[in-house]
Amino acid sequence: MLSFAARLGWMLIALGLALPALADEVQDAAKLLKAGQHRQALDLVNKVLKAKPKDAQARFLKGLILTEQGNAKEAIEIFTQLTKDYPELPEPYNNLAVIYASQGQYDRARAALEQSIRTHPSYATAYENLGDVYAKLASQAYDKALQIDSSNTAAKNKLSLVRELVGRPSPTVVAAAPKEPAKEPAKPPVVAEKAKPAPEKPAPAPAADPSAEVLKTVNAWADAWSKKNADAYLAHYARDFKTPGKETRAEWEKNRRARITAPKSISVSIAAPKVTMNGADRATVRFRQNYKSDVLKSNSQKTLVLVKSDGAWKIVEEKSG
Amino acid sequence: MRLLLALLLVFSVGAWAAPTPEDRLSAVFEAIEANRLDEAMQRVDALIQEHPNFRLAHLVRGDLLLARGRPLETFGNVAKTVPAEKVEGLRNEAFARLRALRSRPGEDRLPRYVLQLHAEQKHVLVVDSRRSRLYVFANAQGRPQLIADYYVTIGKNGIEKTRQGDQKTPLGVYHVTANLPRNKLTDFYGAGAFPINYPNEWDRRQGRNGYGIWLHGVPRDVYARPPRASDGCIVLSNPDLESVARHVQVGLTPVIIADEVEWADAASIETERKTLAATFEQWRADWQSRNTDRYLAHYSERFASGGQNLAAWAAHKRKVNGAKQWIKVGTSRVAMFRYPRERDFVVVTFDQDYRSDGLSNVMRKRQYWVKEGASWKIIYEGAG
Numbered sequence: 001m002l003s004f005a006a007r008l009g010w011m012l013i014a015l016g017l018a019l020p021a022l023a024d025e026v027q028d029a030a031k032l033l034k035a036g037q038h039r040q041a042l043d044l045v046n047k048v049l050k051a052k053p054k055d056a057q058a059r060f061l062k063g064l065i066l067t068e069q070g071n072a073k074e075a076i077e078i079f080t081q082l083t084k085d086y087p088e089l090p091e092p093y094n095n096l097a098v099i100y101a102s103q104g105q106y107d108r109a110r111a112a113l114e115q116s117i118r119t120h121p122s123y124a125t126a127y128e129n130l131g132d133v134y135a136k137l138a139s140q141a142y143d144k145a146l147q148i149d150s151s152n153t154a155a156k157n158k159l160s161l162v163r164e165l166v167g168r169p170s171p172t173v174v175a176a177a178p179k180e181p182a183k184e185p186a187k188p189p190v191v192a193e194k195a196k197p198a199p200e201k202p203a204p205a206p207a208a209d210p211s212a213e214v215l216k217t218v219n220a221w222a223d224a225w226s227k228k229n230a231d232a233y234l235a236h237y238a239r240d241f242k243t244p245g246k247e248t249r250a251e252w253e254k255n256r257r258a259r260i261t262a263p264k265s266i267s268v269s270i271a272a273p274k275v276t277m278n279g280a281d282r283a284t285v286r287f288r289q290n291y292k293s294d295v296l297k298s299n300s301q302k303t304l305v306l307v308k309s310d311g312a313w314k315i316v317e318e319k320s321g
Numbered sequence: 322m323r324l325l326l327a328l329l330l331v332f333s334v335g336a337w338a339a340p341t342p343e344d345r346l347s348a349v350f351e352a353i354e355a356n357r358l359d360e361a362m363q364r365v366d367a368l369i370q371e372h373p374n375f376r377l378a379h380l381v382r383g384d385l386l387l388a389r390g391r392p393l394e395t396f397g398n399v400a401k402t403v404p405a406e407k408v409e410g411l412r413n414e415a416f417a418r419l420r421a422l423r424s425r426p427g428e429d430r431l432p433r434y435v436l437q438l439h440a441e442q443k444h445v446l447v448v449d450s451r452r453s454r455l456y457v458f459a460n461a462q463g464r465p466q467l468i469a470d471y472y473v474t475i476g477k478n479g480i481e482k483t484r485q486g487d488q489k490t491p492l493g494v495y496h497v498t499a500n501l502p503r504n505k506l507t508d509f510y511g512a513g514a515f516p517i518n519y520p521n522e523w524d525r526r527q528g529r530n531g532y533g534i535w536l537h538g539v540p541r542d543v544y545a546r547p548p549r550a551s552d553g554c555i556v557l558s559n560p561d562l563e564s565v566a567r568h569v570q571v572g573l574t575p576v577i578i579a580d581e582v583e584w585a586d587a588a589s590i591e592t593e594r595k596t597l598a599a600t601f602e603q604w605r606a607d608w609q610s611r612n613t614d615r616y617l618a619h620y621s622e623r624f625a626s627g628g629q630n631l632a633a634w635a636a637h638k639r640k641v642n643g644a645k646q647w648i649k650v651g652t653s654r655v656a657m658f659r660y661p662r663e664r665d666f667v668v669v670t671f672d673q674d675y676r677s678d679g680l681s682n683v684m685r686k687r688q689y690w691v692k693e694g695a696s697w698k699i700i701y702e703g704a705g
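So the sequences go chain by chain: A and B. Numbering of the first sequence is given in my numbering, commencing with residue 1 and proceeding in unit increments. Numbering of the second sequence is given in my numbering, commencing with residue 322 and proceeding in unit increments.
By construction, these hints were calculated from the structure, which means they are not laboratory data. Cβ coordinates follow ideal geometry from the N, Cα and C atoms, glycine included. Hints are not guaranteed to be accurate.
A short, non-exhaustive set of chain B residues, derived as facing chain A with CB atoms under 10 Å [what the hints assert, rightly or not]:
no.	residue
1	R376
2	L380
3	G383
4	A388
5	V399
6	A400
7	V543
8	N682
9	V683
10	R687
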């Protein structure tokens, strides 16, 4: 649960930035929590809530403190109520899921995370957590298939192993299921969509070809991401980049920085890119993004819209799916 | 018109049973193939809800869940270190089930073994060991008609049982000898058991031994077992065993166990049946005619029965037949099955009504016929 706990802490920062009107006391309580002074943090946040019982940040923080204290029952109550009062916020769903997962209630965790993603399709933390939860659920299903007792300690140790495996680079075999076999024995289809291996890095193209230039930029962007070089990564985004949802540019940058720096390792590669030029200075690139980190592996469709200004291509829009 | 439609609907609902768990699993695979993964998940969840002991369904569910986070490397992508044969058993079950569902025998294809059923034999069971499949044929005016087929488990070491403890399933033509209901058995045998007559006369003559080959169900905690997992028995899931049980007549229902079933068209089977029926009739007529030379010409040099070889048999028959003023031989309830694997080898079972001026008796008989050169000869004859 270590990584879950770490991501819980994260959430606090994220929310703090999302809601800048944070009361001083709540900020102090957050600091106390960070310092591991749970009791003092709780006292302070309770004081705030006495004056402002509806205060979302204070309630959220209280949920975090209770979680850290191992008071799952009350923490669940708080986060559940927050999801009802603020169904558009992904964080309470995510944290609910983290608590459910820590209790081994992976089906509930999954439901909460799916909800979190529904409210915020680009919410990376929920995706990462969901990846873990799916792996756990899969492990439980396999245990049932093989009649292994999931409750014993050995199985638990192996469970955490599964999570590490998720981020381990592995060959992306995965072919679509065979069609009606003629003479050959039928094979059960392997689940998952057809994934093409990422192509070798394209050779530097002559500058005259604008779509090659665009592709080069996209590869450089993926490269910066893989190197966890947040500055280089963010430099690929245009000043007028459309941030998702209601995030300000500052919030968005902060979140992206966190997303890039949090995992121990990241590897991003681009597969099957398709560049469409919309005039000489605007291009749309669709590709499959193979993302691997120590915590998550995902393969998704991505679209970037780039615009050329001052001789350089910059991202103005980013869409997943 | 509307009434007719309504009637049709009622009829078809009655005629078509609800989809089996295997059908439903197949629908899950179809959804996966079409990349409708959410639908696949819903289907497998519903299947598990109803059949929580269907381990293969859990394996597929595991894959569907895992695939949401990462690409899969294989079917049954179990990450834990588990004995390989456990996963392999489930994979093989999936292969066997899918293969059987997707390559069903054509409408006009019949098992070559079933030459003739007699009127009281309502059904015949044919096992294809390689496909892990048991086919149930109804007797439609003497001709087999496929009505159902089921996934089965056979011996750990395959087929062609020869020795006690070899964990193989016998290959041959047998019949059900008893019906052991659930309450007479331990949970291991599940919904019931039907012993078969292994070793039969031919097996014993070949020196094969062992005993206790049954068709039976599975323990409560599993829905099915891997394709090769028994000690030689033929194992069906409990609902499947219950379905088969409805068609089983103790002492009558043939169980033909083949390596890989040979399928043929009705016309060529009928040609063979006619030839054999004519030869069999000739044997009867020659016996009745008291022309012992012609009668004995139906027996093979390799003939043996209960310690008698051909010479002893011939001497005995010459003595008996020669002393008769008249003989009448009637045959009825004749069933004829070609033996799997053996080359031109047929088992004929019939009621023999023997009358003569000295002795009359009625008995159930069994003969094994082999083709020697161009003609069919009896290699064994005895009470059946």
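Output the indices of the hints that this structure fails to meet, ascending.
8, 9, 10
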